[in-house]
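Colleague: Listed below are the residues making up each chain.
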Amino acid sequence: MMTKPQILPWCKPKSAEADFEALYRAELPRIYNFFRYRIGDGPMAEDLTSKTFEKAWRRRGSYACDLAAFSTWLFTIARRVAIDHYRRQKTETPFEQLASSAGEETPESLAEQRADFARLSVLLARLADRERELVALKYGAGLTNRAIAGLTGLSESNVGVILFRALNQLRSQWEEQP
Amino acid sequence: MNEDYLIRHQKPPRQEFAAELYRKISRPAPEKTGLATRVAPTALAFCVVLAASFLASLAARAAVISLLRDIGGVAFFETTDYPGADRPASVPEEILTLVEAQAQLPFSVGLPLWVPEGMAREESVRITRFSESHTPVTIIWRGIGAYLELTIGQAAEGHIVGLESLETVKINGQDAALVRGMWNADTKEWDRDEPWIGMTLIWARGEETYSLFSPQLSREELIRIAESIP
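Protein chains in written order, with our numbering: chain A, -14 to 163; chain B, 530 to 759.
No wet-lab data here; the hints were simulated from the structure. All of these numbers come straight from a predicted model, not from anything done at the bench. Don't take each hint at face value.
To be verified - Here are some chain B residues pointing at chain A (derived, C-beta under 8 Å):
id, residue
1, M530
2, I536
3, P542
4, A547
5, L550
6, V638
7, P641
8, W643
9, G674
Unchecked claim - Listed next, the in silico DSBU-like pairs over lysine-lysine satisfying Cα-Cα at most 35 Å (straight line):
id, chain 1, residue 1, chain 2, residue 2
10, B, K540, A, K36
11, A, K40, B, K553
12, B, K540, B, K553
All C-beta atoms, glycine included, are put in the ideal place defined by N, C-alpha and C.
Whole structure, please, built from the sequences with the hints as guidance.
Modeller: This is how it looks when you write it as structure tokens:
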């Protein structure tokens, strides 16, 4: 006789589904902005956000039933999705393309803001990979240094130092290229 | 350029995108014809089997069974053949305090003396009654963004896992199996490389089998926890 499969009992499927919509609403903007800052604005940020939530949905039975744990798990998926994206890309996206894609499909009234973010995207692309990821987690997704430390395995103070240096680099390049 | 400037560029996702994505991910799985009639929504860790029926069907499964391995007295079948049922099983469970559970169990529950800082044990434990002779107890620890599950039960006759998912490690000098991954009930394949899948450490201890599972903790942390069980 074969026993029935063991099912991870973290969440009963029914409650997980009930909770997922609320979690989705809470986390979607954070994940989306993480990708905007990590990869760039435009359709790609939406595609990668979709991939992240599709993976999360398929595995919704296997997360601990509290928001903090869910958020960490979701960002773990998002970080991996971003890494996979860069691996597939292999070649770097030209800065000019980053700048132009940053402004796609947004209303004309936001032209100035678009131009600003396009300029920022070019500078973000010049950061080292780890720095850009931390900037995306901090300023895109709005995570605390402690949460970023938990996610990346870095110490909280190390996260602070890396972000401080990244911000200095951005500021300096911003001033060099008005 | 300052922190406020960077934060100011956040923007909400388009409403159409948000609504369409939610529709897409929450759409019910399509019905399938043939043997697989419905996709179970929950991932499976691995299957504990009683060997008689499994070995009886071994001939039929020979093409996909790769290896039968014994690690520290625990048998593992490595295969590409998804072993799960089409639906999550309904197995009787009892939620009890540890003291109440211990009074019902025919074996002693050994708890680790060390877990990573910040993790706390839940008061309730769960006994799953697969059969009269197989009643594992599951104890859970949680921390910020971390989950740990210890399951102790009577020795099962085998575990069905994916190919190349096993590593032999040592727990206080004794062989133990580190299983990377779990069965994905949606794709009916073994998922191993996704970082959030986690690892399960399995070892025999007297007449019982212990398993420690966590999606977040490292191999070294799992071994350290196991070694701290007196």
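Colleague: Hints numbered earlier in the text: which of these fail when held up against the supplied structure?
Modeller: Violated: hints 6, 7, 8.
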